[in-house]
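Protein chains: 2
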Amino acid sequence: QTTKDREELKKKIAAYHERDIANAIVESDKTVRKCIYDILDIADIAEIFSYIEEEPGKYLEEMPIEQAAKVVSNMDSDDAMDLFEELNEEDKYKLLKRLDKEAKEDVQKLLSYEEDQIGSCMTNNYIVVRNDVTIREAMSTLVKQAGEHDNIQTLYVIDENGIFAGAIDLKDLIIAREHDNLQDIISSSYPYVYEHEKISECMEILTDYEEDSIPVLTQDKKIAGILTSSDIVELVDDEMGDDYAKLAGLTEEEDLNEPTIVSMKKRLPWLIALLFLGMAVSSVVGMFESIVAVLPIVICFQSLVLDMAGNVGTQSLAVTIRVLMDENLSGKKKIALLFKEMKIGFLNGASLAIMALVFLGVYIHLFKHYAWISSFLISGCVGISLIVAMVISSLVGTIIPMFFHKINIDPAVASGPLITTINDLVAVITYYGLSGLVLIQLFHI
Amino acid sequence: QTTKDREELKKKIAAYHERDIANAIVESDKTVRKCIYDILDIADIAEIFSYIEEEPGKYLEEMPIEQAAKVVSNMDSDDAMDLFEELNEEDKYKLLKRLDKEAKEDVQKLLSYEEDQIGSCMTNNYIVVRNDVTIREAMSTLVKQAGEHDNIQTLYVIDENGIFAGAIDLKDLIIAREHDNLQDIISSSYPYVYEHEKISECMEILTDYEEDSIPVLTQDKKIAGILTSSDIVELVDDEMGDDYAKLAGLTEEEDLNEPTIVSMKKRLPWLIALLFLGMAVSSVVGMFESIVAVLPIVICFQSLVLDMAGNVGTQSLAVTIRVLMDENLSGKKKIALLFKEMKIGFLNGASLAIMALVFLGVYIHLFKHYAWISSFLISGCVGISLIVAMVISSLVGTIIPMFFHKINIDPAVASGPLITTINDLVAVITYYGLSGLVLIQLFHI
Chain H
334 QTTKDREELK KKIAAYHERD IANAIVESDK TVRKCIYDIL DIADIAEIFS YIEEEPGKYL
394 EEMPIEQAAK VVSNMDSDDA MDLFEELNEE DKYKLLKRLD KEAKEDVQKL LSYEEDQIGS
454 CMTNNYIVVR NDVTIREAMS TLVKQAGEHD NIQTLYVIDE NGIFAGAIDL KDLIIAREHD
514 NLQDIISSSY PYVYEHEKIS ECMEILTDYE EDSIPVLTQD KKIAGILTSS DIVELVDDEM
574 GDDYAKLAGL TEEEDLNEPT IVSMKKRLPW LIALLFLGMA VSSVVGMFES IVAVLPIVIC
634 FQSLVLDMAG NVGTQSLAVT IRVLMDENLS GKKKIALLFK EMKIGFLNGA SLAIMALVFL
694 GVYIHLFKHY AWISSFLISG CVGISLIVAM VISSLVGTII PMFFHKINID PAVASGPLIT
754 TINDLVAVIT YYGLSGLVLI QLFHI
Chain E
334 QTTKDREELK KKIAAYHERD IANAIVESDK TVRKCIYDIL DIADIAEIFS YIEEEPGKYL
394 EEMPIEQAAK VVSNMDSDDA MDLFEELNEE DKYKLLKRLD KEAKEDVQKL LSYEEDQIGS
454 CMTNNYIVVR NDVTIREAMS TLVKQAGEHD NIQTLYVIDE NGIFAGAIDL KDLIIAREHD
514 NLQDIISSSY PYVYEHEKIS ECMEILTDYE EDSIPVLTQD KKIAGILTSS DIVELVDDEM
574 GDDYAKLAGL TEEEDLNEPT IVSMKKRLPW LIALLFLGMA VSSVVGMFES IVAVLPIVIC
634 FQSLVLDMAG NVGTQSLAVT IRVLMDENLS GKKKIALLFK EMKIGFLNGA SLAIMALVFL
694 GVYIHLFKHY AWISSFLISG CVGISLIVAM VISSLVGTII PMFFHKINID PAVASGPLIT
754 TINDLVAVIT YYGLSGLVLI QLFHI
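Residue numbers (the numbering used here), protein chains in the order written: chain H, 334 to 778; chain E, 334 to 778.
Heads up, some of the hints might be wrong.
One copy or two, it doesn't matter: identical chains are merged, so the pair holds either way.
Stated by the list, open to error - Taking lysine-lysine pairs in the DSS-like style, the calculated list, with each CA pair at most 25 Å apart, reads:
no., residue 1, residue 2
1, 599, 442
2, 673, 598
3, 403, 391
These are calculated hints, taken from the structure and not from any lab test.
Kindly produce the complete structure, drawing on both the sequences and the hints.
Structure below.
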């Protein structure tokens, strides 16, 4: 391989987007990878490695440790941290020791945060200017820092004590005239988050202010780092993915490539909770055995009533959780939401009840050979149970997550099993209770 | 009110972030709003209005129509479009007529896309340079365009035919020397989407390449517009919110402030589908009436088996849908996923079966006064049904969304009711079938 060949090859590789090269690295074999590490610059490899999501450590270990340390030192601090989290303790230690001083401090800083704190996601890739400089000085600070930091759309401003004092839109700096006052283009109301805030509690600021990047401040209002626009996209994606997973009864989002046992562990806790709560429902159903013994047809529609109650409860739950996550609701608005949910439950319940009355009545008469009157009495019981169960399910599906949210337990995790069980109980009691009362005691069907 | 007072007040208002002013506008009364419209500049009002999400049209109507037209002309084209969608036909027409020429064209362009096409979300707020200019010329193009367009982190490059030719990171332009070649800092592998692509199919490009903005191209590779970082955040948020809503059985995401009837309509379709599918399940349960008549205790555990099957199916469904959305799976990977899901279903099923065997056996003996052997035969039936139902539910929960995805039907919408029903049927047949066979025919309990 001559130097010219190398240059040629390097150019060819560089024509691809880093993310695509990352994908190619994952899919090639070891010799090809070694060749790529050999040809590309450290900065390029660092950029490529920030795109490798599955076991980046595995590929990093294929390099000489000195090169690996240089690559990691060249990465944005949050990407380096993501990579560190994938390493085993020994490799972590070996690598950390060899990072350059600044990178080592940055990574150690990020590792000091809890996983659910916003500080753990920030990067040191930002440009900072003092608020008492001139336009020209700000511009030259920018040019000086831009080599190392490529998030330049927004410049962060600090005062003489290092306190965060706002942000400058680069556009405003570029179109400013030399003798304009820098103060006039600083936006002092720029949104920010604190380093120890929980990620889930920052989402409103990250999404609603529509800024490209958001500074992360220490308790005494100094800039600890920033969240770039791709950090924000990732955070929103993860946060919503987590909510989604929890609604489906998974403890956290799953990954296609994780081992079976890991996936199993994410699903089992919820299932065990539901098994025991389900046993409670079973024992309540058991109390109505006598009704079933007299009128076996009622068991046909148990699953129908329970399923519908469950579905309505889940709908209310999902709506309530999203509302709780997205907005700060006043007590008045919460009560309004509660009434709205119950109204929807009632209206939908009534619509379904009418359909159930008609279709099930006909079905019972034709296929189960009950008299017309008895048939419609039975289907009427199903219909009324549907209305009652759906109204109460809406209520439960709204109140329970509000309650958990109030006492600071994640409603997305805790509400699911509890709501399913309560709704099952309500539906069972309503349905069998009504059937026993009306069909057996009143009409002696 | 003197001019000085006005200036003072304007300064005070400008010290707030536009999003906070937008919130204040929504919460103040009409006189305060009129005062704000009166004091602030058109550009500021335009920026503020892009943050008003609920009925911006209502507030726009409080201005003289000429001022409203100026405000809308000053908005980014996608924000203007969002606002247009909220207006009634008459107001839309009146306003559109008065927009300045460029804004009118932009809005009409965006209105020409389907709602689910990525083109409907783009903005004209971007800077474009020719690929054959010098560094200095590129810089002066930037300064000239920056006044109107504030997304300057990335400059888009076109060739002499107006064809998209890549992008320049502003950082690279700033640190470049005057006599460097512009070609060297153009990234020719910059990702892009086509204007008529479906939003849901662009998500991978929007999130995985981690770029601040993504260009939207016409079919002949000219730049039609771009998606800014805040557009991307919003798209990810909406897309995931939609998936979440669909998993919960809502046809689309709900809004806190929408009328009851609108919310009702979003929920009813799924409920009606489930009612009729539930009737099918009911008629199958009906076929086992004779077993229940002989051994009423079996109905106690019907809800348990059905609920568990349903939960496992939902878990598999959620995992499969997320995987299908996020990645392009090969056939081999799909089969691997299928086996993994079934393995998880079996392992979780077995764990739960053992618990059910032990706890239900004791429960049946103590509270239902069956002999020890009969008790454990019954609880054993429940356990085995759990395993069978959970394995099949995992299979169904994985195959059905894959099938819908294959035939280009949104799996998130279609899979839910179908999976619930199939799983209910499987669980009912397994449980009652097994009970009838083992408990009644074999052991005559």
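- Query: Should residue 599 paired with residue 442 be assigned to within, between, both, or neither, using CA atoms and 25 Å as the limit?
  - Reply: neither (29 Å within a copy, 47 Å between copies)
- Alpha-carbon proximity context of residue 673 and residue 598, limit 25 Å: between (37 Å within a copy, 13 Å between copies)
- Query: 25 Å Cα cut-off: does residue 403 pair with residue 391 within a copy, between copies, both or neither?
  - Reply: within (16 Å within a copy, 57 Å between copies)
Of the numbered hints stated above, the single one contradicted by the structure is hint 1.
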